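Student: What follows is each chain in one-letter form.
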Amino acid sequence: MLQTLHIFSKDVRSLRYEIGVTLAVAATFVFFQVTDSRFRDLGTPLLLVIAGWLLTVRVVHEEPLPGTRQFWLTRPYSRASLLAAKILFLLAFIVLPKTIADLAITLHAGFSFSDLLPGLLCSQVLLFTLFAIPIAAIAAVTTNLAQAIVASLPLMFMLAISGGSALGPLDWVRHAAMALALAAAALSVVVFAYGTRRTTLARLLAGVLWIAAVVIGVGLNGSLGSAVESRVLPVHLDDVSRVGMDFGFTGTATLMSGFNAQIRLPIRFAGLPVEKATSVEMLPRIIATNLRIRASDGTLWPPENGFLTGTGTNDSEPALDFNVPANYYAKLKAGPASLRATLYVTLYGNRKTFSIDSRRVIIPGVGACSFQPMSQNVTRPAIICLNLFRSPRLLLLNNQELSGQQPSFFYQLSHSPFPAELGIQPSEMTVAMGLQPSAQLPLEIITLEPLAHFQRQVSFTNLKLDQLKEEVFPMSR
Amino acid sequence: METMPAIRTESLTKRFRFTPALNQMDLIVPQGSIYALVGPNGAGKTTCIKILMNLLRPSAGRAGVLGRDSRRLSPADFAQIGYASENLQLPEWMTVEYFLGYLKPFYPTWDDARAGELLRQFALPRDRKLKELSRGMKMKAALASVLAYHPRVIVLDEPFSGLDPLVRDELIQTLLGHCADATVLLSSHDLAEMETFASHIGYLEHGSLRFSEELTSLQNRFRELDVLLNQPATIPRPWPTDWLPAEAAGAVVRFTDTQFQTEQTTARIHSLWPNVMSIEARAMPLRSIFVALAKSGRKAE
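These protein sequences, in sequence, are chains A and C. In the working numbering, each number is its position in the first sequence, counted from 1, plus 4. In the working numbering, each number is its position in the second sequence, counted from 1, plus 90.
Honestly, the hints are just simulated from the structure, not real lab data. On a predicted model such as this, the values are computed, not experimentally measured, just so you know. Watch out, some of these pointers could steer you wrong.
As the list claims (entries may be wrong) - Across the chosen pairs, the derived CB separations fall in these ranges:
#	chain 1	residue 1	chain 2	residue 2	range
1	A	Leu149	C	Pro335	51 to 57 Å
2	C	Thr331	A	Leu149	51 to 57 Å
3	C	Gln309	A	Arg83	42 to 48 Å
4	C	Gly267	A	Ser192	22 to 28 Å
5	C	Gln179	A	Ile153	54 to 60 Å
6	C	Gly157	A	Arg83	17 to 23 Å
7	C	Pro110	A	Leu205	52 to 58 Å
8	C	Gln179	A	Phe35	38 to 44 Å
9	C	Trp183	A	Lys356	57 to 63 Å
Stated by the list, open to error - Derived pair list, reagent style DSSO-like, types lysine-lysine, alpha-carbon separation capped at 30 Å:
#	chain 1	residue 1	chain 2	residue 2
10	A	Lys337	A	Lys473
11	A	Lys335	A	Lys468
12	A	Lys337	A	Lys468
13	A	Lys356	A	Lys468
14	C	Lys228	C	Lys194
15	A	Lys14	C	Lys385
16	C	Lys221	C	Lys194
17	C	Lys194	C	Lys219
18	C	Lys194	A	Lys473
19	C	Lys228	A	Lys473
20	A	Lys14	C	Lys194
Glycine included, each C-beta is placed from N, C-alpha and C at the ideal position.
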């Protein structure tokens, strides 16, 4: 313990300027967040990441593990104490400042301490295991900044592939699996590197585990995510094969400047297991992937070797949305078409109602919501919600939306059961719900909880798309 | 009872991919000795020392320091071992004083008085950062940080390389003044200096230890011989293996005997050349022995 503190205090002295810069960046980050500056999303979050990366690499490189020339290798260093000193440093100058910054930002946003505590703790665990430790692992198998930058590129690639939200609220399963794989890989590399100081093997281990994490991220398909989701949600459906699905005939085809047709096919559900739910209400929402449509002349869209993914809807009325070229739309109208797709259906219930007036209202599972009136810069009134360490878990609707009149502008939803997601900003706008210009306070909004989930391969035939209501965009009023 | 050697290697072998660096090396450094490990560049001296310090892992065989396998050297072992090298990367941001102060808590045997004395002897500026020191001053700081805790074993890898004679002399004098109870292993090309203070010497070539013995014994058995014949000299074949390759010029044959004993060597010379007029045997300085061995090694290649 004494040696750990001794090495730690040496590191603090050696890196005092870097620590100062990191703390200054963290303070600026807080300032821009709480003053709601227009720069809040621009520079400081990225600067904070860079400062944290640099400080982590520098502290590990104070006693580089690879090589044979470092003075400390032949001194009575206990490598366990050395590792403990580095972890203590990361906790003191990466995690603690971020904790204080997050606390300041979220308290200022109107959240109470008891509201934010689970997310705050979980967020710092994620920061430590998915940011600090992976960078420390990179630093442990490199000797200088240039090497560390190059070695960090695969990590950035991993972040890039973790994006691409094909399954929307279900993506948390893939993210959680990747995060678990990354944390396990990074911890293994750090422990192995400090335990054995065998750099070649540590680098090999890092490479193999990184590939494994990427394979998990890329290879974890929707079926597995859906299976996990259906088990995690509180209502387990015994026999989803009884649920019937059919297209309604109120669909639309919006012709987009003559090049594309945006088709919306509402889906009617029958036999939903409302009696088994914790609520009498089971509002279905769908996400579709692997969608493919066949015109009456046998031509397919998308053509061979291509699938539409990510189609779906977040609106009140479950519907299938997809785009086809205008000339293919003409073929679809010429005769009965068929369609097949993989549908991910989530059933929502446990309706709760909240009243929004001029003050900010904390809505559990969503965040801090407030009414934003029209102004010079705002052309339309809206309900704006700031999240708390994670995307909202609950579906947020207003009464108008439930009647199908107003779609949300923007809504990022996640069914993750965890109180936080890895992110830089503890609280940011994740819901912007557009309202009628005539909207009056107080407004009544509704939350719906995800209760059950199932996946279904569907195939519909004899679709008469010539019966869709055609609209032209931009629509003339 | 035989005392345990301070350093011992057994069949120590090291390969870097397919390049051999050490080949079945057996080395014994007796306790209390000042052992000079010499050899040409690339002979494997630094590799051997790095294995002893657990900086490299052996490919085969074993190396031990103070009875402990070098791969298992613990912090407690390193508290009794002092290591300095010409290539050592010191924490350059530290001042000399902070460097010594930082190391102090690692060593139960740290001697503040000795550390202060070493700083004075080496005229090291306490408040100067290590990165601002000259090469010689850095080596002095490294040596001071080693001698300050009375290590039982001191390992120095080319400590005098690239230093001016004055600094070298200063380092050697200070080392000798503070290593009375320690075993010292040092590699060096400075053979003249080695001769002045080493008690044992090992000659390493192509990863193999050609000899390892007390310096006095080595100096006694190596002689440069000039044999004057009464006719133009020829080199007999086969040539004795313990005599390094000879050179003949006119009636004189010159060679180095590696196992010189006056009577036996004289008798062997007379048996090879019946017409010997005179034999002159000269004691060889260490540098000459080293050069002769290096040359013979190259010829053998």
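Student: Hint by hint, work out which the structure violates, then give me just those numbers in ascending order.
Tutor: 4, 5, 7, 13, 15, 18, 19
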